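Protein chains: 2
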Amino acid sequence: MRTIRTVAELRTHLRSSRRAGRTVGLVPTMGALHDGHLALIAAAREAADEVVVSLFVNPTQFNDAGDLDAYPRTEADDAVAAADAGAHVLFAPPVAEVYPDGFASEVRVGGPLTERLEGAHRGAGHFHGVTTVVTKLLNMVGPDVAVFGAKDAQQVLVVRRLVRDLDVPVRIEVVPTVREPDGLARSSRNVRLRPEDRAVAVAIPRALDAASSLLADGERDAAAVRAAAERVLDDAGLRPEYVALADPATLAEREGALPVGPSLLAVAVPVGPVRLIDNVELVVAPSAAGADDPPSTGGLQAATAAG
Amino acid sequence: MRTIRTVAELRTHLRSSRRAGRTVGLVPTMGALHDGHLALIAAAREAADEVVVSLFVNPTQFNDAGDLDAYPRTEADDAVAAADAGAHVLFAPPVAEVYPDGFASEVRVGGPLTERLEGAHRGAGHFHGVTTVVTKLLNMVGPDVAVFGAKDAQQVLVVRRLVRDLDVPVRIEVVPTVREPDGLARSSRNVRLRPEDRAVAVAIPRALDAASSLLADGERDAAAVRAAAERVLDDAGLRPEYVALADPATLAEREGALPVGPSLLAVAVPVGPVRLIDNVELVVAPSAAGADDPPSTGGLQAATAAG
Chain A
1 MRTIRTVAEL
11 RTHLRSSRRA
21 GRTVGLVPTM
31 GALHDGHLAL
41 IAAAREAADE
51 VVVSLFVNPT
61 QFNDAGDLDA
71 YPRTEADDAV
81 AAADAGAHVL
91 FAPPVAEVYP
101 DGFASEVRVG
111 GPLTERLEGA
121 HRGAGHFHGV
131 TTVVTKLLNM
141 VGPDVAVFGA
151 KDAQQVLVVR
161 RLVRDLDVPV
171 RIEVVPTVRE
181 PDGLARSSRN
191 VRLRPEDRAV
201 AVAIPRALDA
211 ASSLLADGER
221 DAAAVRAAAE
231 RVLDDAGLRP
241 EYVALADPAT
251 LAEREGALPV
261 GPSLLAVAVP
271 VGPVRLIDNV
281 ELVVAPSAAG
291 ADDPPSTGGL
301 QAATAAG
Chain B
1 MRTIRTVAEL
11 RTHLRSSRRA
21 GRTVGLVPTM
31 GALHDGHLAL
41 IAAAREAADE
51 VVVSLFVNPT
61 QFNDAGDLDA
71 YPRTEADDAV
81 AAADAGAHVL
91 FAPPVAEVYP
101 DGFASEVRVG
111 GPLTERLEGA
121 HRGAGHFHGV
131 TTVVTKLLNM
141 VGPDVAVFGA
151 KDAQQVLVVR
161 RLVRDLDVPV
171 RIEVVPTVRE
181 PDGLARSSRN
191 VRLRPEDRAV
201 AVAIPRALDA
211 ASSLLADGER
221 DAAAVRAAAE
231 RVLDDAGLRP
241 EYVALADPAT
251 LAEREGALPV
261 GPSLLAVAVP
271 VGPVRLIDNV
281 ELVVAPSAAG
291 ADDPPSTGGL
301 QAATAAG
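So the protein lines, in turn, are chains A and B. Sequential numbering from 1 applies to the first sequence in UniProt numbering. Sequential numbering from 1 applies to the second sequence in UniProt numbering.
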C-alpha cells in the first residue's frame, strides 16, 4: 500500500490504474480506523479493483473546536490496518492541500435532510462541511464506487442526495454498522470513553433493541416505540440530544401509527466527554395489518450479524 | 451532430467516445448562439476530439423573472449553427432533467468574487445558480476541457475558483470576446435591442476604448481612467449600474495609481429594456515607470482582432 499526500500524485497513480482497466473504490475516513472501517474497506475490495482509503480529519465539519482537537489521530496504526485490510492507497493529505489559500467554495444540501437531527444539534454547517469535502474527495479520486457506513445514517442520506443532485458519476454503497460484542456501535470516538462511560454506553444499543422488540411485539404507535428507547437511556442516567423515529427518506418525525415499510430510529447521546450516535431501521412488514402479525426488523440484530 | 436530452443518453454516448480514446470538450451555453459562441466551439474543437455544446437556459441564475422569460430561445437555429461549427453533440435537457423533484443542493463560491460587480447588482444568488449548474454540467459530461467566453469575465473568475476549490478534473479555457464591426460585444441579449437602443449601445465599447486610450497616453490614475469610460456613457445618455476598474484576481476596486500588470475594466449598462455587460483588460507594462513609456493594452483591440 502506498501513502499519498497530494492530489497531483494521487491522480498520476490512478491514471495508470485506469489505463490498466482497473475500477476504483473510495472509502472516505477521518482515520482512527476500527472494525467498522475495515468492513467498509472489505466492501470496497468486493466492488472495485483498486481501493483508496482517504484519511482526513476535516476541520470544516466540526462544529466544536474541542471535538476537533480531541479527535483521535493514529495515522501510523491506520496505515497498517488499511494495508492489512487490502487497501491499495492511503490518501492522507495535509489540511493545506485540501483547503489552500483563497479557498472560497461550499457545497450544500439544503432543507430538512441537513436541518433535522444532527443538523439541528450540530448546526447545518456540519453537513455543509461534509458535503464539501465529500465532493472534493470524489473529484480528487474519481471513484466508480464510494463506500459509507450505516452508522452515519443521516450522512448517507445527505451524500446520496448530493450525488444525485450534482450528477456525480459514482455509485454509493452502504455497509451495515459494526458493533462490539455488547452491541455498542464501533466509532473512532469510543477510545475517548472512560471505563465508567463505556459501561453506561451500552444503554444506547439496548435502547434501540428495546424499541425493536416492542415493534416486534406488535406495537405500532410511534410515540410508544420512541418512548421505549428513551426509557432505557433514562434508566442509565443518559440525557440524549435526540431520540428520533423518522421517515428514512425525509427525516420527518413519525406521528401516530407507523406506516408499512422502514422507519429510522436515530439517537445522539452524550456519554461523559463523548457524543455518540447510533441508529437502527425498524421495518413494518407489508402484510402486518395488526398487532398479531409481528413485523420483521431490519435493524440492530441484522446489522450486527452483517458486521 | 446528435441532439441529446437526458444525462443517461449523454453518458452512454460519451462512454463509447472515451473507449475510442477521444478527448471531450464542453461549451456551456444558454442558446441563442451567435459568433461569440461559435468562437467557443471552434476553440473546443482545437482542444478536444469531441465537442459537446450544452444548451440550457438555467432558471436559477436569473435574478429577474422577466429577463428569464424574455431570454431568446432559438433551439432549431442553434442546432444548425452548432453543427455547422463542428459540434458533435447538442445537449439540450429539459428543466426537469436538470432539477428533478427533491433537488436540494447548491454549489457556492463565497466572498468578494461573487459579491462584487454582478453579484452586487444581480445578487450573489446569480453566481450560486451559475456555479451549481456548471458543476452539474461538468459532472454530466466529464470533459477534459471546458470553454468560456471572456465577455463574462467575472463568471470566468468564479468558475476557475470553483474548479480549483472543488478539484474538478477539467481544464478551463477562455476565448476573447467577439465583437460587431462597431465594437459592440456579441451577446444573446443583443437581439432584444430596439434600433434606437442598438445605436446607443455602441457607447459601451467606446467607453472601454476611451479608458484604454487614456492609459495608452500615459494616464495611471485609476479614478481618471474610470472617469474616461464613465464620460462616454454619460454623453450617450446611458446610466451604468457600475463602471469598475478592479484587480482581475480579486475584483477589489483599484484606487490611486494603477499597478504594473493587468486591471479589469468592467461595466454593466442598461440600454432600453436590455442589460448589457462588457469588459476589457488594461495592462500596465512592467517597464512603464512613467508617463513617457506607454503601456501595452491587452484589451479591446486585441480581443476584437482575436474574435
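It should be emphasised that the hints constitute simulated quantities derived from the structure, not laboratory data. This structure is a prediction, so every number in the text was calculated from the model and none was measured. Here a beta-carbon is modelled for each residue, glycine too, at the ideal position from N, C-alpha and C. The reader is advised that the hints may include incorrect statements.
[Said to hold, decoys possible] Restraint-style ranges between C-beta atoms, simulated for each label pair:
1) A:V95 - B:A285: 36 to 46 Å
2) A:R22 - B:A42: 56 to 66 Å
3) A:A252 - B:P262: 51 to 61 Å
4) A:P169 - B:A42: 46 to 56 Å
[Said to hold, decoys possible] Heads up, incomplete: computed chain B residues facing chain A, CB under 7 Å, no partners named:
5) A104
6) G110
7) G111
8) E115
9) D144
10) V170
11) R171
12) I172
13) V174
14) R206
[As the list claims (entries may be wrong)] Derived list of chain A stretches under chain B, where covered just means 3 residues or more per stretch with a C-beta under 8 Å from a C-beta of chain B:
15) 59-66
16) 106-115
17) 165-174
Do the hints match the structure? See the list:
no.	hint	in the structure
1	A:V95 - B:A285: 36 to 46 Å	holds, 39 Å
2	A:R22 - B:A42: 56 to 66 Å	violated, 36 Å
3	A:A252 - B:P262: 51 to 61 Å	holds, 53 Å
4	A:P169 - B:A42: 46 to 56 Å	violated, 28 Å
5	A104	holds, 5 Å
6	G110	holds, 5 Å
7	G111	holds, 5 Å
8	E115	violated, 10 Å
9	D144	violated, 12 Å
10	V170	violated, 9 Å
11	R171	violated, 13 Å
12	I172	violated, 14 Å
13	V174	violated, 19 Å
14	R206	violated, 35 Å
15	59-66	violated (count 0)
16	106-115	holds (count 7)
17	165-174	holds (count 5)
Checked against the numbered hints given earlier, the structure breaks hints 2, 4, 8, 9, 10, 11, 12, 13, 14, 15 and satisfies all the rest.
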